[in-house]
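What follows is each chain in one-letter form.
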Amino acid sequence: MLTLVLFNVFNGVIIGLFYVLMALGLAMILNLSGVINFAHGNFLALGGYFAFMLIPYIGFWGALVVSPLIVGVIGLVLERTVIRPLYTRDPVYSLLLTFGLAFIIQDICRTVWGSNGLPLTPPDSINQPISAQFFFLTGYRLFIIGIVVVTVAALFLFLRYSRMGMRIRAGTLDLETVAALGINVRLLRSFNFGLGIFLAGLAGVLAGGQIGLNPNMGDDLLLPAFIAIIVGGVGSLIGTLIGGIVIGVAAALTTVFFPSGSEVVIYVIMIVVLLVRPRGLLGEEGMLT
Amino acid sequence: MSTTTIGEAFERRGSYRDKLALLLIWVVLLTVPLWLPAIGGYTSLAARILVFALAAMGLNFLLGFTGVMSFGHAAYFGLGAYGCGLTLFYVTNSTLLAILAGILLGTIGGALFGALIVRRKGVYFAMLTIAFGEICYYIAYSWNSFTGGYDGLRGFQRQPIHLGPLVIDIQNNPTVFYFFILAVFAVCVGIMALLLRSPFGRTLIAIRENQRRARFLGIPVERHIWMSFTISTFFASVAGALYALINNFADPTTLNYIISGDLVIMAVMGGMRSFWGPLIGAAIFVALQDYISSATVNWMSFVGLIFVIVVLFFPRGVLGYLRRIPL
Chain A
1 MLTLVLFNVF
11 NGVIIGLFYV
21 LMALGLAMIL
31 NLSGVINFAH
41 GNFLALGGYF
51 AFMLIPYIGF
61 WGALVVSPLI
71 VGVIGLVLER
81 TVIRPLYTRD
91 PVYSLLLTFG
101 LAFIIQDICR
111 TVWGSNGLPL
121 TPPDSINQPI
131 SAQFFFLTGY
141 RLFIIGIVVV
151 TVAALFLFLR
161 YSRMGMRIRA
171 GTLDLETVAA
181 LGINVRLLRS
191 FNFGLGIFLA
201 GLAGVLAGGQ
211 IGLNPNMGDD
221 LLLPAFIAII
231 VGGVGSLIGT
241 LIGGIVIGVA
251 AALTTVFFPS
261 GSEVVIYVIM
271 IVVLLVRPRG
281 LLGEEGMLT
Chain B
1 MSTTTIGEAF
11 ERRGSYRDKL
21 ALLLIWVVLL
31 TVPLWLPAIG
41 GYTSLAARIL
51 VFALAAMGLN
61 FLLGFTGVMS
71 FGHAAYFGLG
81 AYGCGLTLFY
91 VTNSTLLAIL
101 AGILLGTIGG
111 ALFGALIVRR
121 KGVYFAMLTI
131 AFGEICYYIA
141 YSWNSFTGGY
151 DGLRGFQRQP
161 IHLGPLVIDI
171 QNNPTVFYFF
181 ILAVFAVCVG
191 IMALLLRSPF
201 GRTLIAIREN
211 QRRARFLGIP
221 VERHIWMSFT
231 ISTFFASVAG
241 ALYALINNFA
251 DPTTLNYIIS
261 GDLVIMAVMG
271 GMRSFWGPLI
281 GAAIFVALQD
291 YISSATVNWM
301 SFVGLIFVIV
311 VLFFPRGVLG
321 YLRRIPL
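Going line by line, the protein sequences match chains A and B.
Each residue of the first sequence is one higher than the one before, starting from 1 at the first, in our numbering.
Each residue of the second sequence is one higher than the one before, starting from 1 at the first, in our numbering.
Be careful, since some hints might not be right.
As the list claims (entries may be wrong) - Distance ranges between label pairs, derived from CB positions:
{"#": "1", "chain 1": "A", "residue 1": "VAL256", "chain 2": "B", "residue 2": "LEU194", "range": "51 to 57 Å"}
{"#": "2", "chain 1": "A", "residue 1": "LEU173", "chain 2": "B", "residue 2": "GLY149", "range": "41 to 47 Å"}
{"#": "3", "chain 1": "B", "residue 1": "THR92", "chain 2": "A", "residue 2": "GLY139", "range": "58 to 64 Å"}
{"#": "4", "chain 1": "B", "residue 1": "ASP290", "chain 2": "A", "residue 2": "LEU173", "range": "26 to 32 Å"}
{"#": "5", "chain 1": "A", "residue 1": "VAL256", "chain 2": "B", "residue 2": "PHE314", "range": "49 to 55 Å"}
{"#": "6", "chain 1": "A", "residue 1": "THR177", "chain 2": "B", "residue 2": "ARG154", "range": "54 to 60 Å"}
{"#": "7", "chain 1": "A", "residue 1": "GLY212", "chain 2": "B", "residue 2": "ASN298", "range": "22 to 28 Å"}
Unchecked claim - On the chain B side, residues computed to face chain A include the following (Cβ under 7 Å):
{"#": "8", "residue": "PRO199"}
{"#": "9", "residue": "GLY201"}
{"#": "10", "residue": "ILE265"}
{"#": "11", "residue": "VAL311"}
Please keep in mind that the hints were generated in silico from the structure rather than gathered at the bench.
The beta carbon of each residue, even a glycine, is placed where N, CA and C say it ideally should be.
Using the sequences plus the hints, can you model the full thing?
As structure tokens, then:
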């Protein structure tokens, strides 16, 4: 029983980390640009597929770096071409646009790589089980945890201490003032958008190695990522981080005791949080709300 | 001096042109069964357009006339469909009771959830509405024994309606069924128009234009938004109940956020500042989708492109576009 619970908690942490990577990117874009990026999960899928294409040439390690970068650049280009003109308009337009992009990217993935799943095999060196008793502790899963921890730590350090990061945080609070202080807000938003998409691409490569690739692999992660943001509190990236892991673990634990409820439990958590603490666990009053 | 344009004519009353536009809409809707087959359509396509138009107009009550963005109206559409379907399947043979049950389920769901989120603003509000839609989706999806799960709820049939000695055979006669839907549509649209012309409707428009100023005037903004949200979900659930009757089927995809997105694009495509805009948007979108999905396997790309093109090039929608052309 203990092994079963541990197994599910561990699984939950892994899934939660994917939620976290998704949700952090989504939240950064939401906070600074006010855009709910419906295509976020499709950028994740693109990340996985690009890695699949790149691995024969530059290996898994190369693909792990290059694939998210390519996806990030695609995100950057889309931001500059089609999303930027919508900043001054009603938020419904950017929502609809990313909604349309999600359809298009998903269809492209389906057409190019087929609607059946494809495997993305991590190198053998990290794909070994570590312990016989705790069979679920494969090297790849520990590797995922390591990469996500390093990435998230780097992201928070960047946002906290670098000049660009401070500007992003300041822009989240009051973009007008930041612009008035002479900072190029357009560049800031483009960069921030690209960074958010980069995180989705990275999650795509990691998730591809864990659960395989298929054209709508991101769809199952998108809504939980929304919930992670709502539960954690809009405007707080730390909250998003906690929210993602909490709902990942909660869903996995529910699988042990009440399998059919595993999907619903994250929504129950959301409703409870909304009733008890409407701004989310770490949300600040007045942030976007 | 005439400054009226076609678009304005669709939404204002008074001049003879406006009455003409209104007349045109109703003549077209009433004569559909006569000419639609001749141009390659079929009556149930028209019925579907009407149903989506009703849902999109209901959504637009909130989106276009209160200025509050919901991206989760599929929830109430789907609740209406399931409420209607489940009632026909488990409880009764009465189509009218089933519709009523669907409306109740959707509207109560909307009222409760609306109360929970009404203080949230903007995109955050939209995100919460999406989440609620997904809750309903997962419940319908995973409650196999009750809702039929992934396969949807099959095995119910719409039944002829008995009104005293009068029997309306909506079961076997598609034309009668179309007119039944049109009648429901007309009643709902009438209610909507009356609401919008009432002081209550004017207050909603004031909230849309300047929420802060409305608050300073002493208008209880949250309560009005909640009422508008609930009314809006009422229309969506009426449409959902009718949708279940069209298909004799309720499936989880009616609750999916894709339907929510479709409803929003219908409203925007037709013109979300116009009363009749969503009807025109629904007609274009449903007909296009019907055609594209049978013409190509890459229909998703084309539907996505419709979204992108409308947003980038026709943000005011068809009626907003026509408004610039003098009549």
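The hints, checked one at a time:
A C-beta distance of roughly 54 Å is found between A:VAL256 and B:LEU194, which places it inside the suggested range of 51 to 57 Å. Between A:LEU173 and B:GLY149 the CB atoms are about 45 Å apart, so this pair conforms to the stated range of 41 to 47 Å. Between B:THR92 and A:GLY139 the beta carbons are some 59 Å apart, a value that agrees with the proposed interval 58 to 64 Å. For B:ASP290 and A:LEU173, the hinted distance range of 26 to 32 Å is not satisfied, since their beta carbons lie about 47 Å from each other.
A hinted range of 49 to 55 Å holds for the C-beta pair A:VAL256 and B:PHE314, which are about 51 Å apart. A beta carbon spacing of about 58 Å between A:THR177 and B:ARG154 agrees with the range 54 to 60 Å that was offered as a hint. About 23 Å separates the C-beta atoms of A:GLY212 and B:ASN298, a value consistent with the hinted range of 22 to 28 Å. This hint is violated: B:PRO199 has a C-beta 25 Å from the nearest C-beta of chain A, more than the 7 Å allowed.
Look at B:GLY201: its Cβ only gets to about 20 Å from chain A, farther than 7 Å, so that hint breaks. Given the 7 Å rule on beta carbons, the hint for B:ILE265 holds: about 6 Å separates it from the nearest Cβ of chain A. Hint on B:VAL311 holds. Least Cβ distance to chain A is approximately 5 Å, under the 7 Å limit.
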